[in-house]
Amino acid sequence: MKTIADRLIEDVGLRRGVDRLTPEKIQKVFKELVAGECGARMKTYMETCVRCGMCAKACHYYMSHKDPSYTPVAKVSQTMWRLFDADGKVDPKVIYECAQVAYTECNLCRRCIHYCPLGIDTGYIISVVRRLCHKLGVTPQYIQDTAHSHSATMNQMWVKDDEWPDTLQWQEEEAREEFPGLRIPLDVEGADFMYSVIAPEPKFRTQLIYQAAAIFNAAGVSWTMPSTPGWDNSNMAMFTGDSEIMARIERAHYETAQRLRVKRIVMGECGHAFRAVYDVGNRWLGWKWHPVPVVHSVDFFWQLIQEGRIKLTHKYAEPVTIHDPCNIIRGRGLMEKLREVTHFLCENVVEMTPNREHNYCCCAGGGVINCGPPFKNVRIVGNSIKAEQLKATGVHTLVAPCHNCHGGLEDIISKFGLNMHTKFLGDLIYELMEKPEAE
Amino acid sequence: MSFAQSWDFTPGVRVVLDDMRQCSREYEWLEEPHVSPDGERVAMVAALPDPALSVAVNGEVWEATFEKVWYPRFSPDGRLTVLAQTDGEWTMVVDGEPWEEQYAYIWGTLFSANGDIIAAPIQQDGKYGLSVNGTPWETLFDNANQVTLSRDGSAAAAVVQVKSPAQADIAAFQEGIFSVAVNGVAWDSIFVNCWAPTFDPAGKNVATTIRRSLYDYSIAVNGKAWTGSYACAWGPVFNPATGAVAAPVRKAGAWGMAIDDAMAWDIRYGQLWHQVFSPDGSKLAAIAAVSFGDFTVVVDNTPWDIVFPVVTDLTPSPVGNRFAALASNHNSDFAILCDGKVWAGRYDMAYPPVWSPDAAHLAVTVEKAGRFTVLVDGKAYPESFDKCFDPAFSPDGSKVLIRAVAGGKYHRIVAPVAAFTG
Amino acid sequence: MHALFNLAVGPLAWLAFALFILGSAYRLMAMRALALKKDASFVAYISWPHALKSLAHWITPFGALGWRENPGVTVVTFAFHICLFLVPLFLMGHIALFDAFHGWSWPALPDTVADTLSIVVVAACLYFLWRRIAVPEVRFITRTHDWLVLALVGATFLTGVLAYHRIGDNLFMTTLHILCGEAMLVAIPFTRLSHMLFGFFSRGYIASEFGSVRHAKDW
Chain A
1 MKTIADRLIE DVGLRRGVDR LTPEKIQKVF KELVAGECGA RMKTYMETCV RCGMCAKACH
61 YYMSHKDPSY TPVAKVSQTM WRLFDADGKV DPKVIYECAQ VAYTECNLCR RCIHYCPLGI
121 DTGYIISVVR RLCHKLGVTP QYIQDTAHSH SATMNQMWVK DDEWPDTLQW QEEEAREEFP
181 GLRIPLDVEG ADFMYSVIAP EPKFRTQLIY QAAAIFNAAG VSWTMPSTPG WDNSNMAMFT
241 GDSEIMARIE RAHYETAQRL RVKRIVMGEC GHAFRAVYDV GNRWLGWKWH PVPVVHSVDF
301 FWQLIQEGRI KLTHKYAEPV TIHDPCNIIR GRGLMEKLRE VTHFLCENVV EMTPNREHNY
361 CCCAGGGVIN CGPPFKNVRI VGNSIKAEQL KATGVHTLVA PCHNCHGGLE DIISKFGLNM
421 HTKFLGDLIY ELMEKPEAE
Chain E
1 MSFAQSWDFT PGVRVVLDDM RQCSREYEWL EEPHVSPDGE RVAMVAALPD PALSVAVNGE
61 VWEATFEKVW YPRFSPDGRL TVLAQTDGEW TMVVDGEPWE EQYAYIWGTL FSANGDIIAA
121 PIQQDGKYGL SVNGTPWETL FDNANQVTLS RDGSAAAAVV QVKSPAQADI AAFQEGIFSV
181 AVNGVAWDSI FVNCWAPTFD PAGKNVATTI RRSLYDYSIA VNGKAWTGSY ACAWGPVFNP
241 ATGAVAAPVR KAGAWGMAID DAMAWDIRYG QLWHQVFSPD GSKLAAIAAV SFGDFTVVVD
301 NTPWDIVFPV VTDLTPSPVG NRFAALASNH NSDFAILCDG KVWAGRYDMA YPPVWSPDAA
361 HLAVTVEKAG RFTVLVDGKA YPESFDKCFD PAFSPDGSKV LIRAVAGGKY HRIVAPVAAF
421 TG
Chain B
1 MHALFNLAVG PLAWLAFALF ILGSAYRLMA MRALALKKDA SFVAYISWPH ALKSLAHWIT
61 PFGALGWREN PGVTVVTFAF HICLFLVPLF LMGHIALFDA FHGWSWPALP DTVADTLSIV
121 VVAACLYFLW RRIAVPEVRF ITRTHDWLVL ALVGATFLTG VLAYHRIGDN LFMTTLHILC
181 GEAMLVAIPF TRLSHMLFGF FSRGYIASEF GSVRHAKDW
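Residue numbers (full-length UniProt numbering), protein chains in the order written: chain A, 1 to 439; chain E, 1 to 422; chain B, 1 to 219.
Worth flagging that the hints you see were computed from the coordinates, not collected in a lab.
You may find that some hints are simply not true.
With beta-carbon atoms standing in for the labels, derived distance ranges [as the list claims (entries may be wrong)]:
(1) E/Ser398 / A/Pro180: 48 to 54 Å
(2) B/Ala123 / A/Pro354: 27 to 33 Å
(3) A/Glu340 / B/Arg139: 41 to 47 Å
(4) A/Lys415 / E/Ala64: 36 to 42 Å
(5) A/Arg309 / E/Asp19: 43 to 49 Å
(6) B/Ala3 / A/Asp6: 52 to 58 Å
The following residues of chain B were derived to be distant from chain A, with all beta-carbon distances above 10 Å [what the hints assert, rightly or not]:
(7) Leu7
(8) Leu12
(9) Ala64
(10) Pro88
(11) His94
(12) Ala100
(13) Leu109
(14) Leu152
(15) Gly168
Bear in mind that the values here come from a model prediction, so they are computed numbers and not experimental data.
Idealized CB from N, CA, C, for every residue including glycine.
The following block holds chain A by itself, in its conformation from the complex (with noise of 0.2 Å):
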């Protein structure tokens, strides 16, 4: 049978990594790892799988290639399992291998939980070989750099002090030609909500900051956004495996809200990011909740509609489908509010199969779209089951509210030639609401 060995894919950083390391190093390290930060959770796993793979049907790796070396437990089989037979005493070529499959070929999207009936968490597991990985100094180079960026610049795209207030000042600027008077508002202490994003918002996608400031200002809320750093709310970090750069970033974004003195965070549509902040970043830095409450955009649009703020002038009439990104629906139960919105924006809207929880991830989260040009066609072909299902909806709208679900997704509708466009809630708001100032 074919394993993660027959399918390597070059690439710079986990090549640079490996020639670097010799057995003896990677037994201490994995030792050290396991005795640090492993504990009953691991322990249990490791040894209660029953290994009866029924949680191969959970994978859209294993469904789109029908190979049984992608199912979750075989991701485990191959990494983990490994390196506690060896005890971490393993040739580096086996760290090649482990880090390709933990962070080229499992998205973290948590799916398979639904299938193992002893509720064996594989994303931890292959978070935590990513974290042996991060420790080993192999890590797919794009990726690694984003997580650079996040510790020099507390953001992922070395965006510069000078760049991001300049930006949502140039946003408003541009803005106020459509709705006079719209404010992007820096650093307004006390505001109801501090808004965040993503670095590639200000760097490529200015036009969600614009349209963002648009709903807010038409929903008259009072809400704010930072001109320092902090603003950003991605984390690539906590998917290499670099929980102390993570948690920096995670520090850094609450404090900033903290300081602003705002009574929640309103994230926009990003999944792994409100997964950083909502569900990771607060444990390490040792708050049981949010130090200040987190909203993700899905919830926000929703409260506002709840509230009559968001009032259209027609809804979309052509048939939508709504795909349910992994973070915010296994990762906070957003299913029913994401339906209800799209609901309220699209006349008509054609549900894809299977959803909700049990939706198929994208294959782009989980920090897999961020390793890069080489692994890009490992998340594209190992999702033809997505295409299936969206082939399968018969329409050409696709509502995704996650940054990494529409890279993913529209690199599977290019490639399998799906005739659709991804769009994000934000889009479509801003398309159909009343302008109450345009002139």
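Please arrange chains E and B on chain A, whose structure you already have, making use of the hints.
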């Protein structure tokens, strides 16, 4: 040294601005209100119909107008600064007078304690550094961030990028491209990362958190790294009396305090940060998690015996050895902590504590159900407002200046400590 | 052989039960201590209401997505586990032994029912064996340990069935059956079979995370 010496501390309520919307010129909007430390002036960014932006002070619009204006801030000595753009170029404008030098961008204004020195990070031709009183650093860098100004303003520092690797060259990054520049001169030593540089009170020494490899955190003082290696470390602070450097460091999944490259507090905290020395350097306090989700204040390695889900804003008294902090239940039910005791009231929001100069009293602005008031020693001012800015004490500590907005009017209120009875 | 039989139903039985009970208790307590020490930021979210709700779905056939998507495994797994518990506890022969040695007694299953259930277990083991050999995704992850555990459970029930039907030397088969059963008991706390001890907790834990933090179902 207290500018409050010259402020009007006659008890009473004075309406300084009858209408927060009043303006000497027609305007589209007035926003970002900031109040002078003495409470006598309210500054706002004004959008004029021209279209142009300017600044209204107590409703009087500056003559000068700009393409963009942001970041109105009063210096401690009461000068009003804004960041403004003209012909696409930015500069600092102080009381209506722009600096001569212009920059591609300027942001994040900093002041020395006496207000003499005004500094701000700048970008010019894609290079980064600081401009101090209008004079930019001689050397600018590929990047400069986390700027800090010494208390007396005599020195400014920033984390600077001193090498320019190609895009996504992760190997070069891991060999180190960052250092700290003081007054524009970078240290000889280069690190993978530097974070949170800080000065001693005299501005003679700088300490910073460093990462020597992706896994090796430590502290560097004036460019010289500690020998200690940690899994993580937060920003250091100087002991104002002895010059010793204290920093929270992480080992084996828990935090302790290192001082001058040796462990001072044992590694036993789930979190440890925001450490501060008392002014005479005799006490060291920090915010800490004593177990998962349970935060408190630790003074000299002894935790207070009250825990909260979140503790913030640890503030030492200006004299003596008192400490105040805020606590909340995840951003609601704010409580005020003082010397290990918690005040009775709970609030929707609380603002940073303010000590009286003699450390006899503590004032905190709080908000509940959208109404603001000021507490002194746990007791509220009898009235509430739509908005309160930070309170200030008279030099003798007997009176409190409240700067508040209510019903669209801006009030300047001076109340004796005894008037806080709620 | 009689001596071995006596050893098996006497001291070895004591030993097996002792190892099983004490071993299980030790494993559970040690794991709890480890969780509190090393997994504090995860244990903090354990919520019994969410755990019980999820477990109710998972102990219901086809009550969770994984069960629905693997119908064959589901039917066999439930039949296997139900029989695996019913037969040892309610077989007349077992109760008779307890009665003889300790004077303990409780209602028994009719012999033919117990026999059928035992055969179901053996058949289930054969099904699992077939999956390990023939289903690629199961074959891929099967290791020696899995064969041994399967063989141990299969042998225990197979020898039981053979002994009941008096196939082969009855004393030999009965002795072998008892020894296998004892080995299985001892194996529970120390092998993959420990999922019997930890499975409810690992499911309950992740159900708590999904329920109280992620507000999503985990079934």
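Margin query: If we take the beta carbon of B/Ala100, is the closest beta carbon in chain A still more than 10 Å away?
Written below: holds (35 Å)
Notebook entry, point to check: Does the claim that B/Pro88 lies off the interface hold, with its Cβ farther than 10 Å from every Cβ of chain A?
Noted result: holds (19 Å)
Check: Regarding the assertion that B/Leu12 does not contact chain A, is the least Cβ-Cβ distance greater than 10 Å?
Finding: Non-interface label on B/Leu12 holds, nearest chain A Cβ at 25 Å vs cutoff 10 Å.
Check: Is 41 to 47 Å a correct range for the gap between the Cβ atoms of A/Glu340 and B/Arg139?
Finding: Between A/Glu340 and B/Arg139, where Cβ atoms are some 45 Å apart, the hint holds.
Notebook entry, point to check: Is the distance from the Cβ of A/Arg309 to the Cβ of E/Asp19 consistent with 43 to 49 Å?
Noted result: Violated, since A/Arg309 and E/Asp19 (Cβ atoms, about 28 Å apart) do not stay within the stated range.
Check: Taking the CB of B/Ala123 and the CB of A/Pro354, does the distance hold inside 27 to 33 Å?
Finding: At roughly 32 Å between Cβ atoms, A/Pro354 and B/Ala123 fall inside 27 to 33 Å, so the hint holds.
Checklist line | Distance restraint evaluation - E/Ser398, A/Pro180, Cβ atoms, bounds 48 to 54 Å | finding: holds (49 Å)
Check: Is the nearest Cβ of chain A still more than 10 Å from the Cβ of B/Gly168?
Finding: holds (30 Å)
Next item on the list: With 10 Å as the threshold, tell me whether B/Ala64 passes as away from chain A on beta-carbon distances.
Entry: violated (7 Å)
Margin query: Is the claim that B/His94 lies outside the interface with chain A correct, judged by CB distances over 10 Å?
Written below: holds (25 Å)
Item checked: Cβ separation of A/Lys415 and E/Ala64, checked against the hinted range 36 to 42 Å -> violated (57 Å)
Check: Would you say B/Leu7 is clear of chain A, with no C-beta pair closer than or equal to 10 Å?
Finding: The claim holds: B/Leu7 sits with its nearest Cβ about 31 Å from chain A, beyond 10 Å.
When each numbered hint is compared with the structure, violations occur for hints 4, 5, 9.
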